[in-house]
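Peer 1: Below, each chain spelled out in residue letters.
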Amino acid sequence: MSSHDLTVAGYLAIIACGVALEVLSRRPRSRIPSFGRVLSSVMRTRAGRVGVVAGWAWLGLHLLVR
Amino acid sequence: MAGVFDLLSGDFLIHGIVLFAVAGALLWDARSQRVRTSAEVVDAPPPAVETTRPGPSLPPSPLVIAGVAFAIVVGSFARYSWPASLAVFGVAAAAVAIAWREPRTRRSPPEPVTRVGAIAWTTVFVSLALWELTALLLQPSLTTDSYAHPTISVLMDSVLASPIGRSAFLVVWLAVGWVLLER
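So the protein sequences, as listed, match chains U and R. Under the numbering used here, the residues of the first sequence are numbered 1397 to 1462, in order. Under the numbering used here, the residues of the second sequence are numbered 646 to 828, in order.
Okay, chain R solo, but in the shape it has when bound:
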């Protein structure tokens, strides 16, 4: 769905294609797993021993320095320029590839999420998506920004207009990526 809206809103084709590619790969993976599961019922290997590891840890210092250097250098490139695009795309692709692999160690299973908790958090994110969609549809056109009905991207434009803003965003973006990959 996000890919469809990306294309409808006139974004560059590659963004939508990335989302479609990930969705396609996940569908293909789910299908192959179903085939594997049905073929291996008789000769199933013993289940892997699940070890536990502590919660998300801070990245090692060299990685922090590299991340900050990356943010400063890439933030100094013009927005949507080829050097910035290649650098951010490289990090994003590497992160998705790492997420694709099964983690070698797993955390102990989290407590199950209650129904009321799932509904509460889903409501927040669906509300945010619908509010953003409303702002998008209230623009003069899907490809024309509106001051009266700004989307989150439009609100971010003022932050990302300066190299400092882009570098700060990149530091936060990289930090969030690290936390996600550590889960």
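The following block holds chain U by itself, in its conformation from the complex:
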């Protein structure tokens, strides 16, 4: 396995963990909250709301903007 493959596999493994958590959150009486619930909780405050939206905005700027 090359370094490139290993690096990509690392990203995929972390994404798989996120998907697994989301699946676990759907089970009845799960102690794991869904990602949406975590976002809602974080975005209850202005700092959280603006922070999350700024992160989203930065992604667009980073990938497309001069």
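No lab work stands behind these hints: they were computed from the structure. Heads up, some of the hints might be wrong.
Facing chain U, a subset of chain R residues (Cβ under 8 angstroms, in silico) [unchecked claim]: (1) 662; (2) 663; (3) 664; (4) 675; (5) 761; (6) 795; (7) 805; (8) 806; (9) 809.
Listed below are several chain R residues computed to face chain U (Cβ distance under 10 angstroms; list not exhaustive) [said to hold, decoys possible]: (10) 703; (11) 706; (12) 745; (13) 792; (14) 800; (15) 811.
Since the model is a prediction, treat every value here as computed from it, not as a measurement. From the three backbone atoms N, C-alpha and C, an ideal C-beta is built for every residue, glycine too.
Given chain U, work out where chain R should sit, using these hints.
Peer 2: For chain R alone, coordinates are given in the frame of chain U:
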């Protein structure tokens, strides 16, 4: 922190400045709120009645059409060109301004997040950040991309190289932005 790494990795100055500006504005806001709170203890207004609204809704059809048109047109511009930059920057700035305002209606408070849930999700995002940072530090230099240790941005380059890829990314980006602003 993201702003610092943005500058260290040789990105264009404006990206880091945007992050620093938002962080500065939030600090200023938190400080002014503390001052207001201490000054208004005696004469506090009655708390606002909190109404509830349903979960994130689909955007109205005209907005969907406008969003898709925006993605097609802006996706056809060269990456990092001035027209693409101005268009994306305008949408991003408007979204941050909307997020800054207090929502007129609020959803009912979400169930509290359990400690184990917070730790689990934090672990995923911190792992992703550390893996990305490791790839960045393993590049020949902070400003030179590496095929052997690609960052997420480098992996996205192949997608964003074509107008179709840029338009598809913009559609997803706008959709995620809508969902976030609807929360």
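Peer 1: All hints are to be evaluated individually against the structure, with a verdict given for each.
Peer 2: Comparing the hints with the structure gives:
no. : hint : result
1   : 662  : violated (10 angstroms)
2   : 663  : holds (6 angstroms)
3   : 664  : holds (6 angstroms)
4   : 675  : holds (7 angstroms)
5   : 761  : holds (5 angstroms)
6   : 795  : holds (6 angstroms)
7   : 805  : holds (6 angstroms)
8   : 806  : violated (12 angstroms)
9   : 809  : violated (14 angstroms)
10  : 703  : violated (15 angstroms)
11  : 706  : violated (23 angstroms)
12  : 745  : holds (6 angstroms)
13  : 792  : holds (6 angstroms)
14  : 800  : holds (7 angstroms)
15  : 811  : holds (7 angstroms)
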